[in-house]
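Novice: Take a look at the letters that make up each chain.
Number of protein chains: 2
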Amino acid sequence: MTKQVNDQGGIRMNNFNYFTPTKVVFGKDTQMQAGSLCREFGATKVLIHYGGGSAVRSGLIGQVKESLDEAGVAHVELGGVKPNPRLSLCREGIELCRKEGVDFILAVGGGSVIDSSKCIGYGLANEGDVWDFYCQKRTATACAPIGAVLTIAAAGSEMSNSCVITNEDGWFKRGTKTDYCRCKFAILNPELTYTLPDYQTQCGCVDIMMHIMERYFTKTEDTMLIDGMAESVLRTVKTNALILHENPEDYDARAQVMWAGSLAHNGLLGCGMEEDWATHQLEHELSGMFDVAHGAGLAALWGSWARYVIDEKPQRFAQFAVQVMGIPATGGDPKRTGLLGIRAMEEFIRSVGMPTNIRELGYELTDEEIRKLASKCAARKGGKIGGFRKLGEEDMVRIYEMAR
Amino acid sequence: MTKQVNDQGGIRMNNFNYFTPTKVVFGKDTQMQAGSLCREFGATKVLIHYGGGSAVRSGLIGQVKESLDEAGVAHVELGGVKPNPRLSLCREGIELCRKEGVDFILAVGGGSVIDSSKCIGYGLANEGDVWDFYCQKRTATACAPIGAVLTIAAAGSEMSNSCVITNEDGWFKRGTKTDYCRCKFAILNPELTYTLPDYQTQCGCVDIMMHIMERYFTKTEDTMLIDGMAESVLRTVKTNALILHENPEDYDARAQVMWAGSLAHNGLLGCGMEEDWATHQLEHELSGMFDVAHGAGLAALWGSWARYVIDEKPQRFAQFAVQVMGIPATGGDPKRTGLLGIRAMEEFIRSVGMPTNIRELGYELTDEEIRKLASKCAARKGGKIGGFRKLGEEDMVRIYEMAR
Chain S
271 MTKQVNDQGG
281 IRMNNFNYFT
291 PTKVVFGKDT
301 QMQAGSLCRE
311 FGATKVLIHY
321 GGGSAVRSGL
331 IGQVKESLDE
341 AGVAHVELGG
351 VKPNPRLSLC
361 REGIELCRKE
371 GVDFILAVGG
381 GSVIDSSKCI
391 GYGLANEGDV
401 WDFYCQKRTA
411 TACAPIGAVL
421 TIAAAGSEMS
431 NSCVITNEDG
441 WFKRGTKTDY
451 CRCKFAILNP
461 ELTYTLPDYQ
471 TQCGCVDIMM
481 HIMERYFTKT
491 EDTMLIDGMA
501 ESVLRTVKTN
511 ALILHENPED
521 YDARAQVMWA
531 GSLAHNGLLG
541 CGMEEDWATH
551 QLEHELSGMF
561 DVAHGAGLAA
571 LWGSWARYVI
581 DEKPQRFAQF
591 AVQVMGIPAT
601 GGDPKRTGLL
611 GIRAMEEFIR
621 SVGMPTNIRE
631 LGYELTDEEI
641 RKLASKCAAR
651 KGGKIGGFRK
661 LGEEDMVRIY
671 EMAR
Chain U
271 MTKQVNDQGG
281 IRMNNFNYFT
291 PTKVVFGKDT
301 QMQAGSLCRE
311 FGATKVLIHY
321 GGGSAVRSGL
331 IGQVKESLDE
341 AGVAHVELGG
351 VKPNPRLSLC
361 REGIELCRKE
371 GVDFILAVGG
381 GSVIDSSKCI
391 GYGLANEGDV
401 WDFYCQKRTA
411 TACAPIGAVL
421 TIAAAGSEMS
431 NSCVITNEDG
441 WFKRGTKTDY
451 CRCKFAILNP
461 ELTYTLPDYQ
471 TQCGCVDIMM
481 HIMERYFTKT
491 EDTMLIDGMA
501 ESVLRTVKTN
511 ALILHENPED
521 YDARAQVMWA
531 GSLAHNGLLG
541 CGMEEDWATH
551 QLEHELSGMF
561 DVAHGAGLAA
571 LWGSWARYVI
581 DEKPQRFAQF
591 AVQVMGIPAT
601 GGDPKRTGLL
611 GIRAMEEFIR
621 SVGMPTNIRE
631 LGYELTDEEI
641 RKLASKCAAR
651 KGGKIGGFRK
661 LGEEDMVRIY
671 EMAR
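From first to last, the protein sequence lines are chains S and U.
Under the working numbering, the first residue of the first sequence carries the number 271, and numbering increases by one thereafter.
Under the working numbering, the first residue of the second sequence carries the number 271, and numbering increases by one thereafter.
Excised from the complex, chain S in its bound form (with noise of 0.2 Å):
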């Protein structure tokens, strides 16, 4: 639709859909109840799709199978996804399914394991390749019903409409999103978060944040409502790292980090705004070309970004700087709040022991390098990418240096 512009000549929040049918089943011991979840969304066959061996010697893997055979739900499984799901074996996973009659998908992980599962889900519900739907060549028209038990609090796949998927012909990391992929449960369970080690949780509380700053750092005016929410979700989430830094086994936070991953990605907190987005694209190529983990990668980027892009509106960084990061309000010069908001998110970073550029990253970009990954990244996107500045290919060689 076009732009509305208001008194202030400030673009008016736009008109918006919201659809978040996942079924949230939160708390202790919730993944007890996987069964009878199964079986309430009509499953008769159930593939249990994972990661590597550490939810089998966890337990979980026993505990849902338990489950599902107390609902009388049958189940076959595969397991072995990898970070950056790989479509061969979702190839693997379509062809195990028709095989042996699954008609539901049981992901037990983080966002790799349910990303596989909705591809799994959009082939067995759709003819031909499923690849096409990742390269844009057609449009699903349904998806194969999923649920989701989640041990990492981070990509918020599970109330999410998206997936992305790895080709390794070629290594091409694509996208897509439909309502129809969304999940049709998600079990949240803190203690299964417990033992992720501390860099894990980390990135995962920044990959949170980031999913909200992604939408919070628009130039749409009049989200009051939306805005107050998304500044108070960062703050918990903020707060909460820093507990879990010291104590992974807090109940509390664990639960409040947890809870706010779904939300922070289910489409709540951009209600009716320009979204951005240009640091996960970014980093997609920084992650896509070196050994990088996502949630690390943008927090080695969006210090810089945000100084790349805040005279585009200073006043929306002074808004971040003075509800999310405490910086107190001195109704002066915006970008010089601004500024001391994006020092005190960085301090925020290295806190946590996270990345504030890509040589804390393990990496010193050659020029070269730089040119590439802005190259791919402009190539990738039609030339352009960002809602709250747009950016070319020049602007993204400088977000490189400046973050090197």
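Bear in mind the hints are in silico, worked out from the structure with no lab data behind them.
Be a bit skeptical, because a hint or two may be false.
[To be verified] Across the chosen pairs, the derived CB separations fall in these ranges: (1) U/Q585 x S/D468: 56 to 64 Å; (2) S/D449 x U/K646: 43 to 51 Å; (3) S/D468 x U/D399: 55 to 63 Å; (4) S/M302 x U/R408: 13 to 21 Å; (5) U/N287 x S/E336: 48 to 56 Å.
[To be verified] Listed below are several chain S residues computed to face chain U (Cβ distance under 7 Å; list not exhaustive): (6) G280; (7) I281; (8) M283; (9) Y288; (10) T290; (11) G297; (12) A341; (13) Y450; (14) K454; (15) D492; (16) S502; (17) Q526; (18) W529; (19) A530.
All C-beta atoms, glycine included, are put in the ideal place defined by N, C-alpha and C.
Go by the hints and put chain U onto chain S.
Specialist: Below, chain U without anything else, positioned relative to chain S:
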């Protein structure tokens, strides 16, 4: 489940379910999507259900019909829903729908019209007398699909799982709750609320705030995420109620209030908390016995409830005072801060023309009337109401006396 206690003896966050499948379509001109949305959710013949003549006179019913015609969806209509919707009209609706082969109910109006539609939906999808579900004789196992075009921001029924119906045969006002009755879609166009009289607008704003406060005043601790969101939504509604008191056609203010009304009552802002609802129970008796608008009744009672229960947990009232009402935190006696917050809330209520006691509602209650109100309330709710502080019949008498 049994309550869990944290290290400080506070009540920990409960396990919870969160389920909000309603597709929200928000913004200008969205009522023109009514037809395509009905078709999307499988409608072939729709009952257009509405209240008085204003929806017809404003042209809204005409637009909805046009939209259904364009989508090729047949329709019949039934108007005449009154505030505190009546069972007899629901029975008429059920009969009409059966006769006409209606398979989808489209509520065009506010909470009363939506609740009446939910009752018709229950009646259509279940055998036997629909009133059984309201007097807890039986539990509904299905509900015909419902959509809503909202014209008043207040009750939150467009995303809630509840509905309240009045049986004129004895004037019983009773509610029922199941996820079956949640709307398939809700069309929220803030412009449709421009013509509401200020009194109704402000009644709606109080109702919205109270839906949040009935959840917020809890003894559950460690709910930082939900607390922060609830506080920011309360501040938003308060601010925009003041804007609308001056200018009822401010789109942005109408938009914030309308979306807040749905989020206030869809379950989000009570996740994991012991809720209260005593003020609502006390008000239901008041508006049952006298001609009182629900929001105004809540406004008249809340301050007295708050002063009566504050000693149960003064810290919670202090948090409300600081975070919602902007009272400076002192670190001193929480009750003192809490009482300042209650006073500030009452000042706000008066500033938008709402009452803070029953006399201002237009009624001088006798001692006998007060005893009758309390006795009816106690009888209806098994003797006790409230989660923050359990209140018996004598407590209710005291609160009505304080509010007199």
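Novice: Using the nearest Cβ pair, does S/S502 come within less than 7 Å of chain U?
Specialist: holds (3 Å)
Novice: With 7 Å as the cut and Cβ atoms as the points, is S/T290 at the interface with chain U?
Specialist: holds (6 Å)
Novice: Hey, does the S/Y450 contact hint survive, CB to chain U under 7 Å?
Specialist: Cβ of S/Y450 sits 13 Å from chain U, so the hint is violated.
Novice: Measuring from the C-beta of S/M283 to each C-beta in chain U, is the shortest one below 7 Å?
Specialist: For S/M283, the interface hint holds, since the closest Cβ of chain U sits about 6 Å away, which is under 7 Å.
Novice: Take a look at whether the Cβ-Cβ distance between S/D468 and U/D399 falls inside 55 to 63 Å.
Specialist: Between S/D468 and U/D399, where Cβ atoms are some 60 Å apart, the hint holds.
Novice: Does the closest beta carbon of chain U sit nearer than 7 Å to the beta carbon of S/A530?
Specialist: holds (6 Å)
Novice: May I ask you to test the interface hint for S/D492 with respect to chain U, counting a Cβ-Cβ separation under 7 Å as satisfied?
Specialist: holds (4 Å)
Novice: Could you say whether the range 43 to 51 Å given as a hint is met by the Cβ separation of S/D449 and U/K646?
Specialist: holds (46 Å)
Novice: Do the beta carbons of U/N287 and S/E336 sit within 48 to 56 Å of each other?
Specialist: Violated - the Cβ-Cβ distance for U/N287 and S/E336, about 21 Å, lies outside 48 to 56 Å.
Novice: How about S/Q526: closest beta carbon in chain U under 7 Å, or not?
Specialist: holds (5 Å)
Novice: Would the hint on S/Y288 stand, with a C-beta cut-off of 7 Å toward chain U?
Specialist: holds (4 Å)
Novice: Per the CB criterion, is S/I281 less than 7 Å away from chain U?
Specialist: For S/I281, the interface hint is violated, since the closest Cβ of chain U sits about 12 Å away, which is over 7 Å.
Going down the numbered hints, you'll see the structure goes against 1, 4, 5, 6, 7, 12, 13, 14, while the others check out.
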